[in-house]
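Visitor: Put chain B on the given structure of chain A with help from the hints.
Top to bottom, those sequences are chains A and B.
For the first sequence, my numbering begins at 1 and goes up steadily by one.
For the second sequence, my numbering begins at 1 and goes up steadily by one.
Treat the hints with care, since some could be wrong.
Stated by the list, open to error - Think about it this way: if two alpha-carbon atoms lie no more than 20 Å apart in a straight line, the pair counts; the simulated SDA-like pairs of lysine to any residue are: (1) B/97 / B/109; (2) B/2 / B/19; (3) B/183 / A/81; (4) B/183 / A/15; (5) A/86 / A/131; (6) B/282 / A/150; (7) A/144 / B/280; (8) A/29 / A/195; (9) A/139 / A/117; (10) B/183 / A/143; (11) B/282 / A/93; (12) A/144 / B/191; (13) B/97 / A/15.
Keep in mind the hints are simulated off the structure, nothing from the lab.
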Amino acid sequence: MDTHIEIRNLNVFYGDSQALKDVNLEIPKQQITVIMGPSGCGKTTLLKSLNRFLELTDSTQLKGEVLIDGADIYAPGVDVTEIRTKTGLLAQRPFPLPMSIFDNVAYGLRLHGMCKKGCSLDDRVEHYLKEAGLWDEVKDRLHKPATGLSIGQQQRLCLARGLAVEPEILLGDEPTSALDPISAQHIEKRLLELKHNYTIVLVTHILRQARRLADYVIFMYLGEVVEAGLAHEVFDNPKMERTRDYLSGQF
Amino acid sequence: MKRRHVEELFIKILMFFSFMFVAGSLGAILITVVVKGLPALSWQMISQVPKGGYYLGKEGGILNAIVGSLYLATGATILSFIFGLPIALYMETYARKSTRANLVRLALDVLWGIPSIVYGAFGFIIMLALGIKASLLGGIIVLALLELPIMTRAMDEVIRLTPFEIEAASYALGATRFETAVKVVVRQMLPGIITAIMLAFGRAIGDAASVLFVAGYTDRMPTSLFRPVASLPLAVFFQLGTPYPEVQQRAYASALILTVIVLIISLGSRWLSSRINRYVVK
Numbered sequence: 001m002d003t004h005i006e007i008r009n010l011n012v013f014y015g016d017s018q019a020l021k022d023v024n025l026e027i028p029k030q031q032i033t034v035i036m037g038p039s040g041c042g043k044t045t046l047l048k049s050l051n052r053f054l055e056l057t058d059s060t061q062l063k064g065e066v067l068i069d070g071a072d073i074y075a076p077g078v079d080v081t082e083i084r085t086k087t088g089l090l091a092q093r094p095f096p097l098p099m100s101i102f103d104n105v106a107y108g109l110r111l112h113g114m115c116k117k118g119c120s121l122d123d124r125v126e127h128y129l130k131e132a133g134l135w136d137e138v139k140d141r142l143h144k145p146a147t148g149l150s151i152g153q154q155q156r157l158c159l160a161r162g163l164a165v166e167p168e169i170l171l172g173d174e175p176t177s178a179l180d181p182i183s184a185q186h187i188e189k190r191l192l193e194l195k196h197n198y199t200i201v202l203v204t205h206i207l208r209q210a211r212r213l214a215d216y217v218i219f220m221y222l223g224e225v226v227e228a229g230l231a232h233e234v235f236d237n238p239k240m241e242r243t244r245d246y247l248s249g250q251f
Numbered sequence: 001m002k003r004r005h006v007e008e009l010f011i012k013i014l015m016f017f018s019f020m021f022v023a024g025s026l027g028a029i030l031i032t033v034v035v036k037g038l039p040a041l042s043w044q045m046i047s048q049v050p051k052g053g054y055y056l057g058k059e060g061g062i063l064n065a066i067v068g069s070l071y072l073a074t075g076a077t078i079l080s081f082i083f084g085l086p087i088a089l090y091m092e093t094y095a096r097k098s099t100r101a102n103l104v105r106l107a108l109d110v111l112w113g114i115p116s117i118v119y120g121a122f123g124f125i126i127m128l129a130l131g132i133k134a135s136l137l138g139g140i141i142v143l144a145l146l147e148l149p150i151m152t153r154a155m156d157e158v159i160r161l162t163p164f165e166i167e168a169a170s171y172a173l174g175a176t177r178f179e180t181a182v183k184v185v186v187r188q189m190l191p192g193i194i195t196a197i198m199l200a201f202g203r204a205i206g207d208a209a210s211v212l213f214v215a216g217y218t219d220r221m222p223t224s225l226f227r228p229v230a231s232l233p234l235a236v237f238f239q240l241g242t243p244y245p246e247v248q249q250r251a252y253a254s255a256l257i258l259t260v261i262v263l264i265i266s267l268g269s270r271w272l273s274s275r276i277n278r279y280v281v282k
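Next up, chain A with everything else stripped away, as it sits in the complex (with noise of 0.2 Å):
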């Protein structure tokens, strides 16, 4: 297994109450990582710890370490916005930016400059379009706002939106919830597609989807990591037992 992110001992505050306890985890290169657990449990504290979210919450308070490609993103002097152009979040509901479809993809390009000479910015929203799956469906009204898309295709434009800065990393907080099932299939397409050029981390609390989905798993309870492992061998052959009662619907 090729390691792409490992965190370390890490442990996350809010304000009094600890989120995330003693977590220690490996996750591998260009494959879909999937976090399970019953809510509350620190799912979305973890994976906003991959891209340095948690410090826009006031009052909150991380120790430990966090390695992308062996280096710790929590080190003094880091830049938080290489870091988070590394990483692309797909929320639980699409936000889009307040500008046209166009835009919205453009958005990061011209941010970090990243379509300079010889580079057609026209072509380039075009094939992070493409990529999402949405180019068909909008390719009539690109300079339409964003918000007359339905929320399936807004939240297919915000993956495009994420792609177009080239991360390496997407990170997905329940991508699917707000949508409906086909949107949702979509997306799930997408996500197989994209995991061969992408490692993904996705938080999840439908166990159908992340069996449909994961390559690795991960397995939360109570801000603590209880098992972490390859999908089949979780899902098949559980160590223990809080896992084993969470798949059969315990809790």
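Guide: For chain B alone, coordinates are given in the frame of chain A:
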């Protein structure tokens, strides 16, 4: 009828009467101004400056006050926007719910509540100390002080309605706080910014007390930032204060002009904000 339905009916009636009260007040003011002002309104009034004996009922107009008021209010609005937008953005993007941001909000709210005559007197004292005379520039600065809390708090309220997830989406793409503020938050709140500007402009153009000391009054057209300037509210005040009925009527005509200016700006900004509204994420 059940108690809940009586409650519902009571509230409905109450709402109807509060609406009628507000709409009625506006209607009464508009009708008074139009009925009393329209007969005295003439092309001469809006195209000429006062001639000798204007305040005794002779020829002339109040073009000096119309232009003066537009200069004063526009200048003050631009000036307070230059300070107000960064303050509002700072409170949202950098300071959020911190004590510091709340202190700034408190300070702005207190400033909002200060009567405009106090701003005028304050400006006057400073000008005396510095040895400056009443001028367009003085008027612009004092009116900008008057506008600043109104504009900033109005923008602040709109910015606070921006869903944090939109900012988060921008951060997730590797944007800095500054880039997010300027490229995303400002676009999201553009209709709100326009409303805030309009509110502040309306307040400034209609204020007489603060310009009384610091901008002075003159029958000439404004030509320099350092000369006194006329304004519509004071034109109304001076004309209404004369003993001549025909001059008093012109005061109502001046008030009508002022109302029409505010109306045009108000409707114009509504139209503008509905045009840019379409990109706003709800």
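Visitor: Holds or violated: residue 2 of chain B and residue 19 of chain B, Cα atoms, limit 20 Å.
Guide: Violated, at about 26 Å.
Visitor: Is the Cα-Cα distance between residue 183 of chain B and residue 81 of chain A 20 Å or less?
Guide: holds (16 Å)
Visitor: Is residue 29 of chain A within 20 Å of residue 195 of chain A, Cα to Cα?
Guide: Status holds; Cα separation ~9 Å.
Visitor: Residue 144 of chain A and residue 191 of chain B were given as a pair; does the straight-line alpha-carbon distance stay at or below 20 Å?
Guide: Cα-Cα ~18 Å, so holds.
Visitor: Compare the distance between the alpha carbons of residue 139 of chain A and residue 117 of chain A with 20 Å, and conclude whether the hinted pair is satisfied.
Guide: Roughly 24 Å separates the two Cα atoms, so the pair is violated.
Visitor: Residue 97 of chain B and residue 15 of chain A: Cα distance at most 20 Å?
Guide: Given that 20 Å is the threshold and the Cα spacing comes to 16 Å, the pair holds.
Visitor: For residue 183 of chain B and residue 143 of chain A, compute the direct alpha-carbon distance and say whether it is at most 20 Å.
Guide: holds (17 Å)
Visitor: Are residue 97 of chain B and residue 109 of chain B close enough, with their CA atoms no more than 20 Å apart?
Guide: holds (16 Å)
Visitor: Hey, residue 282 of chain B versus residue 150 of chain A, does the alpha-carbon distance stay inside 20 Å?
Guide: With a Cα-Cα distance of about 13 Å, the restraint between residue 282 of chain B and residue 150 of chain A holds, given a limit of 20 Å.
Visitor: Is residue 282 of chain B close enough to residue 93 of chain A, meaning Cα to Cα at most 20 Å?
Guide: holds (13 Å)
Visitor: Quick one, are residue 144 of chain A and residue 280 of chain B close enough, alpha carbons at most 20 Å?
Guide: Distance of about 12 Å is within 20 Å: holds.
Visitor: Do the alpha carbons of residue 86 of chain A and residue 131 of chain A lie within 20 Å of each other, as the hint requires?
Guide: holds (18 Å)
In summary, the numbered hints that this structure violates are 2, 4 and 9.
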